[in-house]
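A.B. asks: Quick note, the sequences are listed as chains A and B, same order. Per numbering that gives the first Met the number 0, the very first residue in the first sequence carries number 0; after that it's consecutive. Per numbering that gives the first Met the number 0, the very first residue in the second sequence carries number 0; after that it's consecutive.
Keep in mind that a hint or two might mislead.
[What the hints assert, rightly or not] Some chain B residues close to chain A (C-beta under 10 angstroms, calculated; not the full set):
| hint | residue |
| --- | --- |
| 1 | L38 |
| 2 | N211 |
| 3 | F225 |
[Claimed, not checked] Derived DEER-like restraints, expressed as beta-carbon distance ranges:
| hint | chain 1 | residue 1 | chain 2 | residue 2 | range |
| --- | --- | --- | --- | --- | --- |
| 4 | B | W448 | A | N48 | 14 to 24 angstroms |
| 5 | A | S43 | B | S548 | 49 to 59 angstroms |
| 6 | A | N48 | B | A555 | 48 to 58 angstroms |
Simulated from the structure, these hints should not be mistaken for laboratory data. We put the beta carbon where it would ideally sit given N, CA and C, even for glycine.
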Amino acid sequence: MSQQSLNAPGGGPDENSPEDESLTGGQTFASVQGADDLLDEIDSVLESNAETFVRSFVQKGGQ
Amino acid sequence: MSGASTSAAARSGAIGPGGAAPALTTERVMGIETEFGVLHADLEDRARAGAGSSILLSHLVVGAYALLDPAEGERGRRVRWDYGDETPLRDARGFELQRAAAHPSQLTDEVRDAHLPSVELDAPVSGPEVAPEGDDADVLAWSSQRSIGNAVLRNGARWYVDHAHPEYSAPEVTRAREAVVADRAGEEIARRAMGILAAADGIPEVALYKNNTDGKGASYGTHENFLVDRAVPFDRIVEALLPFLASRQVLVGAGRVGLGTRGQEPGFQLSSRADFMEAEVGLETTLNRPIVNTRDEPHADPGRFRRLHVIIGDANLLEESTFLKLGTTSLVLAALEAEQRTGTRLLPDLALADPVAAVRTISHDPTLRATVPLADGRELTALQIQRAHLDALAALADAEDEETGQILRSWGEILDLLERDPMLAASRVEWVAKLSLLERYRARHGLDWSDPRLAMVDLQFSDLREGRGLFDKLRTAGAVGTLVSPEEVADAVTTAPASTRAHLRGGLISAHGAHVPSAGWDAITLSGPAGGHRLRLADPRLGSASWCSRHGIDPAADLDTVLDALRRAVSAP
Numbered sequence: 000m001s002q003q004s005l006n007a008p009g010g011g012p013d014e015n016s017p018e019d020e021s022l023t024g025g026q027t028f029a030s031v032q033g034a035d036d037l038l039d040e041i042d043s044v045l046e047s048n049a050e051t052f053v054r055s056f057v058q059k060g061g062q
Numbered sequence: 000m001s002g003a004s005t006s007a008a009a010r011s012g013a014i015g016p017g018g019a020a021p022a023l024t025t026e027r028v029m030g031i032e033t034e035f036g037v038l039h040a041d042l043e044d045r046a047r048a049g050a051g052s053s054i055l056l057s058h059l060v061v062g063a064y065a066l067l068d069p070a071e072g073e074r075g076r077r078v079r080w081d082y083g084d085e086t087p088l089r090d091a092r093g094f095e096l097q098r099a100a101a102h103p104s105q106l107t108d109e110v111r112d113a114h115l116p117s118v119e120l121d122a123p124v125s126g127p128e129v130a131p132e133g134d135d136a137d138v139l140a141w142s143s144q145r146s147i148g149n150a151v152l153r154n155g156a157r158w159y160v161d162h163a164h165p166e167y168s169a170p171e172v173t174r175a176r177e178a179v180v181a182d183r184a185g186e187e188i189a190r191r192a193m194g195i196l197a198a199a200d201g202i203p204e205v206a207l208y209k210n211n212t213d214g215k216g217a218s219y220g221t222h223e224n225f226l227v228d229r230a231v232p233f234d235r236i237v238e239a240l241l242p243f244l245a246s247r248q249v250l251v252g253a254g255r256v257g258l259g260t261r262g263q264e265p266g267f268q269l270s271s272r273a274d275f276m277e278a279e280v281g282l283e284t285t286l287n288r289p290i291v292n293t294r295d296e297p298h299a300d301p302g303r304f305r306r307l308h309v310i311i312g313d314a315n316l317l318e319e320s321t322f323l324k325l326g327t328t329s330l331v332l333a334a335l336e337a338e339q340r341t342g343t344r345l346l347p348d349l350a351l352a353d354p355v356a357a358v359r360t361i362s363h364d365p366t367l368r369a370t371v372p373l374a375d376g377r378e379l380t381a382l383q384i385q386r387a388h389l390d391a392l393a394a395l396a397d398a399e400d401e402e403t404g405q406i407l408r409s410w411g412e413i414l415d416l417l418e419r420d421p422m423l424a425a426s427r428v429e430w431v432a433k434l435s436l437l438e439r440y441r442a443r444h445g446l447d448w449s450d451p452r453l454a455m456v457d458l459q460f461s462d463l464r465e466g467r468g469l470f471d472k473l474r475t476a477g478a479v480g481t482l483v484s485p486e487e488v489a490d491a492v493t494t495a496p497a498s499t500r501a502h503l504r505g506g507l508i509s510a511h512g513a514h515v516p517s518a519g520w521d522a523i524t525l526s527g528p529a530g531g532h533r534l535r536l537a538d539p540r541l542g543s544a545s546w547c548s549r550h551g552i553d554p555a556a557d558l559d560t561v562l563d564a565l566r567r568a569v570s571a572p
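In isolation and in its complexed conformation, chain B is listed as follows (with noise of 0.2 angstroms):
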């Protein structure tokens, strides 16, 4: 790709002299964006509010973090998101849905229509939005009467209300194991907002979930990003990820107590989000959720890259199942893009007679035996159709890049486990780390899986707050691995990732936060001595810290330099 560095075209799998095979690796720009569950910490608040303070308390669980946590800068003030050229009515399939036909879900742009919870509320203001003087609970009040749901975050982050949950949309990252950093400093975030909501008085406190349902009918989404070459078709993208996404929860599915997507059935399930796709493709992402979404908005380029934006994902909490959920998926883009550079076909065709259904016979099969009907009359167990796909791009794989030989190990590993005796993987896939203690947990006080017991240990699996979640306890004793350190993720809470334009971002956030009035995935506003400036950067990987360098930007230096060396830097090849 023309921007990228010489080694990262050929890390990216070029073609090199003599006709070299690709060698791929799982370097790409990428990010994961994930819905909290929210609700009343006090139970007796959450039974009497129902889903009816959800709204409320995300524009509270934003605003307490983003205005009042003293890494974030100045109290009371926020660096707004930019909405640029948002578009997410734009069908990757080649056409715009026609507003008057969308469901207003879709209509995420819409910045002004009240009847709307998932857009920017803010009433659009001529002068400086000035927080009031006074205590956590007076800001709060003042915040959550102007709906002030959303903020640019110093770690380059989004942090914002989306459809009555609060949303962290981590910064780009270029690689596996930095999107569990920023994934993780995320829910570090989480924890600093109710925590200050905790200590605020006459504010409720809020408690927050990393999960996807509630268990009765509703879901939320843990969704990924990835940039993909354009040149790729959307039809093969279409055709490769089917069942690639359909069977990679085996690997990295969280496990759902209940069957069915109000839990009606009891039984356990590999993944949270299986009962809720219902189409293989398509734009929606509130209803009819197609494992392959069509959502063409890029942040970036249009002629240059896609944005790949997938839905099927279960939030996880295990860093290994996330690190392999990005870094396989990765992979399999980057074997696209080098079919389309060599024009052979490099994957295995493993096209399935109905993916839709094949997701939730996977799902609904924790001994990993049920076998899905391909097209071509093959019937294949989930383990099988992984195996395929990882011997396939083992063969194409960079043998020298580190990240990629720990992707493609970890998951030969795991299968191997998977395969011998799915409980062998406890400490390395979440839906086993959270079978196995509901198994005992059932043994323990003879409990059948319609015991709403159970139900509630899934539930509190994924309770964010500090001594209260299930998932935390099996880390604390070490029953699950762990890939990155608390040091590094406590970093990534206020330093953006170097290796893209959240750094920029970030810096300018971070250093001159009171004259950075907006931002947003491919804008920046700075506001200098002469008036503001919009820099737009159209490529991901300008902005990151090398880029900087080279051009001699240092994000910290005063603004009027900063700003000169900008204008330098985007007039030059």
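If we strip away everything but chain A, and leave its shape as in the complex, we get (with noise of 0.2 angstroms):
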């Protein structure tokens, strides 16, 4: 599937339609510069062993 910025959920990458904004309802990033602000704001929160962080996500069944 076609990879899509965050600010702007329309066609494609560059695109920021209008029609599809007020269809998709919700609030839209101002710039590209937001959508990268937010993966170095995740990329901040990671743990930086993900190996260690996914082997230790353990539980016990559920219903």
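Please dock the two separately framed chains into a single complex, following the hints provided.
C.D. replies: And the structure:
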């Protein structure tokens, strides 16, 4: 599927179609900068060792 | 239904004079219960403990909020759960599974068997439960030693340990939007519990996750409950729900990295529960999970009501997903009730050739183009199956009902977007929001689907801690929509919904907590000056704010006055 930029849930990476925004209803980013900032922020809260993190996420079964 | 007001009966689709068409609405007694993932917050403790601390941590989480949050009344004191007539073994197909044949995990009502981590492990006490003086850590040490594992909260929710997970069983509501508010209040309660634990010296810090699997074979559920007219034959419910439930994940799936119960195959799928559904119909909830669960415990007059217990849904953080999950399913059930009343088939026949396989086929296809075979030989996509439901229900809906209109509109708009290009729905469909984020993250770091960083993003998506959850970051950034305000959610943490008996339960607990030793869904025990009184409310609409008002009951008035008014009210028609 096509890759979407978070600031424009529209047809393609660089498109920003007003009609789609009104349909999609949620607020949108002002810029690509906003989306990149979000990824930076995400990188900063993720643990540095992904393998250990994933491996240690263990639960007992529930309903 | 008797007990409902005239307007409620009209809204639920009673045929008017001249055989008017049903006017279906989303209005129905319903509720969501969520089992949270629970882990040490400290990664070293987490790695060392594995799942071994799950039961202890769950008890700490439950105790922290119920006993120590200032909003929940007297410190160290809780309202206990009243199991009442809970009979988890009763099967909707008409028989009661013999206790000896049941898997231990089905026996949720046995209160004294210390081998079953899912049940109340409190030792029976002859006197009141008295927490020690001391700081939060002292109270928590006491409560976990006594395995204090459940409480009823002032918003009417049940907050308890179930199968090694803390569970928030939201108070009953009658509308999908109310269900969203009550569900989000549970997230807030989870956060407050974590905050209390973090501040308590010598007590482990806990991280709670609103998700459904650890990616290692364990799954835990987010269940929906819907009260349905008992007159609707269960076979018909199964027949109609199988194709509907199998396909609704395109709208409300939460998304998951990895395919298979252990995430062994790299990739992305729509639903975090899909790989764990192994049967079409059945009583079990912890293994051999069925798409349609047959548990028959209405917590209400069983002659009039059936409680449909849906276990296939994903835990949703996106509010519109929760809204649609409840609203669309309620409408399907409304159509079945109308079919029963009119004797005419109203929903299209979409019986699948293999519903269990269809759940997986649909989940494993983020392009939404895969078809699944129907019993009659047709091949349809999940979008087509959902569209057929929407079209049928739209024709039967009450055009004046605001929430019904919103549900139908959302449903249609989202199907339109998904049909054009699934990624268009990134702000309104949780699996698309997650996939969109994952694809950006993948591109930035050049990762393939087997990279553990993507599994980590998936897990961290649902972390409920302030500042840690990735969904929360999307919401803060405006990348996903919201339906309800933070103020409403904050209010719902301490105030029960007005539309059901939760109002009375929560109101009595709020005003008279010290005199409410226990409460359940359909029973509350009040200890008055002359002894205990057990109030039974077999209709979930009795005890609502409007019912209380009609009967001159103010839960906050003095207890004698309340008891008198209740006695009068329940003996009057």
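A.B. asks: Decide, hint by hint, whether the structure agrees.
C.D. replies: Verification of the supplied hints:
no., hint, result
1, L38, "7 angstroms, holds"
2, N211, "9 angstroms, holds"
3, F225, "17 angstroms, violated"
4, B:W448 - A:N48: 14 to 24 angstroms, "19 angstroms, holds"
5, A:S43 - B:S548: 49 to 59 angstroms, "51 angstroms, holds"
6, A:N48 - B:A555: 48 to 58 angstroms, "53 angstroms, holds"
In summary, the structure is inconsistent with hint 3 from the numbered list given earlier, while agreeing with all the others.
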